[in-house]
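Here's the letter readout for the chains.
There are 2 protein chains.
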Amino acid sequence: MTHRVDARALAGLQREISVSEFFARNRHLLGLDTPARALLTAVKEAVDNALDACEEAGILPEIRIDIAPRGERAYLVTVEDNGPGIVEDQVGRIFGKLLYGSKFHELRQSRGQHGMGIAAAGMYGQLTTGQPTKISTRTGKSRPAWEFLLSLDTTKNRPIVHRRQRTDWTIAHGTRVEIELEGQVQRGPHSVAEFVRQTAIANPHATLVFEGPDGERIVHRRTVRARPPRPRPMRPHPHGIDLGTLVSMTTRTRCRTLATFLQREFSRVGPTTASAILRRAGLSRRAATTPRGLTHAQAAALHRAFGATRISAPSAACLVPIGEDVVRKSLEARLAASFCTAVTRPPAVYRGHPFQVEVGLAFGHGGAVDEDRADASATVLRFANRVPLLYQAGACATTQAVVATSWRRYGLQQSHGALPTGPVAILLHVASVWVPFTSESKDAIADDPEIARELRLALQECGRRLAHHLAHVRHAREENERRDRIASYVPHIAAALQEILGLDDEVRDGLVSRLDATIDRRRSEAA
Amino acid sequence: MTHRVDARALAGLQREISVSEFFARNRHLLGLDTPARALLTAVKEAVDNALDACEEAGILPEIRIDIAPRGERAYLVTVEDNGPGIVEDQVGRIFGKLLYGSKFHELRQSRGQHGMGIAAAGMYGQLTTGQPTKISTRTGKSRPAWEFLLSLDTTKNRPIVHRRQRTDWTIAHGTRVEIELEGQVQRGPHSVAEFVRQTAIANPHATLVFEGPDGERIVHRRTVRARPPRPRPMRPHPHGIDLGTLVSMTTRTRCRTLATFLQREFSRVGPTTASAILRRAGLSRRAATTPRGLTHAQAAALHRAFGATRISAPSAACLVPIGEDVVRKSLEARLAASFCTAVTRPPAVYRGHPFQVEVGLAFGHGGAVDEDRADASATVLRFANRVPLLYQAGACATTQAVVATSWRRYGLQQSHGALPTGPVAILLHVASVWVPFTSESKDAIADDPEIARELRLALQECGRRLAHHLAHVRHAREENERRDRIASYVPHIAAALQEILGLDDEVRDGLVSRLDATIDRRRSEAA
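Going line by line, the protein sequences match chains A and B. Residues in the first sequence are numbered consecutively from 1461, following this note's numbering. Residues in the second sequence are numbered consecutively from 1461, following this note's numbering.
Calculated from the structure, these hints are not laboratory results. Check before you lean on any hint, since a few could be wrong.
Since copy identity is lost for identical chains, a pair holds within one copy or between any two.
Calculated pairs, SDA-like style, for lysine to any residue (alpha carbon to alpha carbon, straight line, at most 25 Å) [what the hints assert, rightly or not]:
1) Lys1594 - Arg1624
2) Lys1601 - Val1950
3) Lys1594 - Thr1705
4) Lys1616 - Ser1478
5) Lys1601 - Pro1693
Modelling step: build the complete structure from the supplied sequences, incorporating the hints.
Set out below in structure tokens:
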């Protein structure tokens, strides 16, 4: 019996699957499963791109987000920025092709990292409303503005440009994206307004204007005028390289010797480190061995030597944390809390990728911090590369780090395995050249021991400062109460003195006010 | 000021990202994050493919899974089947290209559905050990056997064939895949042995032989000889179509009228339904309108009419449930339980995709059901399209359905929000043309109200049967106890009768045994 026929029949069915067909059907992986979530995801992807482009070009961002109803369940999402604009011949691929972009191949911090978001949001709009994406862009006053109307051909993963024309846009430079999509407006912690508010907290150099579907208009003006520095791309670090990647690097390099290959293509490898690695790999004597000439066994030895050699941690120039001062000021400005503190940890490394953790803590009343219930759980504000994360809080390494911290030690109530309670907001920011998200929708940061450790240390430091503040507040309150008690005796003491010393009423009243003043002065000195 | 330069500079960095580059870096999305998990994922993907191919060709599967250590942390994973084999010119793309396959585009139940699994497992092997994948395959006795050695070029997402040669393989037809990868052997619920055991439960027509790294050898022989029927592909159902997909179908169709377009390209649309849809869409009079000639407004009206028209549920011929009898027998054979029952629900539909839910329940001692602790949580065996799901149990709709069921009503202990406790195993199977997995790693089924409803109904039916069984067992035990009490009086009654009636010892003993026999007979009648 031969199964040739079956095998042939099966072969006839084999076909390539375009990445956009895959994600059109699996759109829930991209955060495009429900109308409510899709609306937020579309805004998020457009704002991420706008902020990235502005920072890339050194522009202080001004971003307008507008959501307008279009029929029964559809909305028009418009995001307009004052960024550098997009060169005409790139517009199609950026908005009409999944897995295309500048941020995947470069090792440095950016909001986008997958090259899918905005094109996927447009694809969702197209699938649910049949409408193409509209893009207006201008790269400078001396250049014309362009308007594009385009869709994504999902079977081929490539753009279909319906219209491409010059337009009279008065803005000097910038980009406007308009996507019509099936959506649902949500209030509360998953709302677009909340996303914009949190984006303003982590990006205080940006001005954000949000116009909602009910005519609401919220303006978050920038609270700092300093532009964050532009992160510098890094080369891969030897401790973050797979054997397979190393082998493919050896076949592509133009370097003629192993020593130059190591020094030019890797981060933190100088002549001394290169020699140490080669010696350990048993490759130091073979001056004649070229990277391309390595046998598999030699490549494996080289890879083992990477792991066994001490190499300086990668440079943090690829990272742009928000900064302690800015986090604290931003919390003060947006949350109206009575106590704010922030910790930016020094850069660290997970699997060869540099990352940096920041934690801010706001305690007290007002704003989002206290929602009129002292027994409410702490508010946790999660950020990855300055982007707010609103979904899947429970699955996120940041939430897990807050839960794992012993807040009772720092003066907050906390049940086992839960967030602390009280009028407290905790901001956590993980900045990295490659954030390990748990899915393409970039909702939650995967559990990694190094990242968890840094989060823990930063949380503990904030906790200690909070404990210090609370002790101080308690001390001042107790001191005040003590003085209040003393002050209540002042009139009686004065009356007794009047009787004993035979003072007249005027002198007695003068005595009362002098005693009161003394107590007040000491009270304010103690505060 | 012009930002032309910045826009140009940015444009220069824009690049296509190959899907394999994307997943090489995001390999955790494919279940390839840790060595332990990667080892299991590689086995799972190879076994899924082997079972799919055997069923496709109507062959009773015999699959051999072998894990052998290779150096310190590496293992060679070998999976060999007696399937139809693979035609030579397809081998490269099936094993050396992500998003390639026969199962994505066809709407019918199969284990694979993404076209990524086995190639991704090979890519992981290559990245971690530098070794290519080895494939041996033969499509029939009259054909030569082929051996391939290939890798995946991640920058281009295409195969690199290192070697392709005829080989003398004595097997008549089948395929063998060998992947060397960095792995870690795990025991317990996430082990390869457990995966193989559960695969045998859901695929009792397959014989599976597992040889572990420590020389262990476990054979699961088939317990049924009937081959599952081959699922038939279906056309899309009008209730599961996006507007955007509808629009793109209208541009691709060769049908000249809307009525024939609806009848030929959709499931469950006959002339009457087609007329009803067109009438509702206001398109019935325009006999001249061709699918290609639809305006956007007309397409949108047609799409609304789909939703508003009653259309029969899609045919379930695309589904192959395991079947109530087979589930029950399989549980009996593998779990040695005292009570087994199973429910296969009628086919249902979520978002236009047919699906079918099965639940089996095994109660009692022996095997995996009772692990010597009556207060242990129930064992939950989760399956999607007959494939065991071992990771992310908490995130899975099946586990959530078990937790949401009130087991106290059926005689089991259960804490709020937890699994029931006791010597019980619950098997849940969701079969569908498109299982909504929560990620590419296919670990958990996403929450969907229709699927949740079917799971609930099946669990409740099994629960009622369990309650009936437990009541029966309790009744029989109580009856037994009552008779035991009566039996204990027999000698005394006999002694009293002897005294009253003056019987001799022989007659008295005869009386005792006759009374005992009567009680025993009634006891066994009652059981």
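*Kindly indicate which numbered hints from before are broken by the structure, ordering the numbers from low to high.*
2 and 5
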